[in-house]
Amino acid sequence: MKNHFLLIIALLFLSFRLTNSQVTVAPVTVHLDDHNKNGYIIVRNNSNSSPWEVNIEMKFGYPKSDSLGNTFIFFPENVNDNDPSAVKWVNFYPRKFILKPYEEQKVRIAAKPKNLKEGEYWGRPVVSTKAVNLEDTLNKESISVGIGLEFKTVIALNYRRGKTSTGIKIENFTGEYRNNKFILFAKLNRTGNAAYIGNLIVRISDSKGEKIRQSSQDISVYYELNKKIEVDCANLKSGKYQVEIELNTDREETGGKIIKGNTATEKITVIVN
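Under the working numbering, the residue at position 21 of the sequence shown is numbered 329, and the numbers go up by one with no gaps.
In case anyone wonders, no lab produced these hints; they're calculated from the structure. Nothing false has been slipped in among the hints.
So the derived label-pair ranges between C-beta atoms look like this:
(1) Glu518 to Asn488: 15 to 21 Å
(2) Ile576 to Asn390: 34 to 40 Å
(3) Lys460 to Asn390: 24 to 30 Å
(4) Asn488 to Tyr401: 47 to 53 Å
(5) Lys345 to Thr573: 35 to 41 Å
(6) Lys414 to Arg486: 46 to 52 Å
(7) Trp397 to Lys545: 56 to 62 Å
(8) Asn356 to Glu484: 46 to 52 Å
(9) Pro402 to Asn487: 46 to 52 Å
(10) Lys396 to Tyr348: 17 to 23 Å
With a straight-line cut-off of 27 Å between C-alpha atoms, the simulated DSS-like cross-links for lysine-lysine are:
(11) Lys536 to Lys519
(12) Lys471 to Lys422
(13) Lys575 to Lys516
(14) Lys460 to Lys404
(15) Lys536 to Lys372
(16) Lys460 to Lys396
(17) Lys367 to Lys568
(18) Lys460 to Lys438
(19) Lys345 to Lys367
(20) Lys575 to Lys548
(21) Lys420 to Lys367
(22) Lys396 to Lys422
(23) Lys345 to Lys420
Cβ atoms here follow ideal geometry from the backbone N, Cα and C, with glycine treated the same way.
Take these sequences, add in the hints, and give me the full structure.
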């Protein structure tokens with residue numbers, strides 16, 4: 309369990325703005341390279357009454373999946389020289405601070421890489437927040453005392469050195485219709501030397517070719533994923549339905565440019581009884 313956060317965290321960090329209690333962090337992805345080694349995030353306290361203590365650290369991690377197709381963020385216990393980790397040479401200014409109600413802090417991110425090979429390097433900034441009380445001491449100075457639970461926001465940071473490329477392959481695409489939903493599985497294999505960041509689209513059509521449902525979600529494939537996809541589609545008539553899956557990189561992000569890759573599609577027929 310300590311190696312990863314559960315699926316809900318993995319899904320939340322892909323949102324444009326992620327909220328942990330009263331504190332928000334944006335953007336939730338930061339892309340740096342040799343021409344742009346500096347970035348920033350904004351941490352904001354939306355509470356109208358309580359100050360919050362903020363602490364930022366970075367870990368090496370990436371999306372991974374289990375045998376059931378559930379996705380989580382995997383944090384290896386041991387990171388070796390072959391892992392594309394950016395942890396040792398990326399710094400945050402400031403790393404620790406207190407936000408008053410409705411206050412926000414711009415945190416500068418600075419990368420200082422040395423002797424890197426071509427490719428993409430990864431890190432997961434972890435923003436820990438905790439509500440605090442400001443108590444007066446005998447010297448009329450204030451000290452902060454943490455109260456309650458600590459919340460963690462996990463965002464993504466990628467650094468690119470030299471020529472980088474990405475692509476995706478879809479394998480073993482299968483599916484069934486059960487409990488008023490299509491349950492789909494696909495193995496997603498990344499190619500190139502950088503993460504595949506984009507969209508996953510599902511289109512469902514009936515036997516006449518008429519589209520009855522379409523869904524879309526963000527997708528990030530750093531190595532490979534056994535992806536499970538569920539699409540609600542109640543009260544269908546019996547028959548054959550065509551299900552198409554598409555992955556593309558037609559996505560814009562506020563934290564920098566993503567690497568454009570190929571568009572991949574696969575189709576299967578699912579029988580509804």
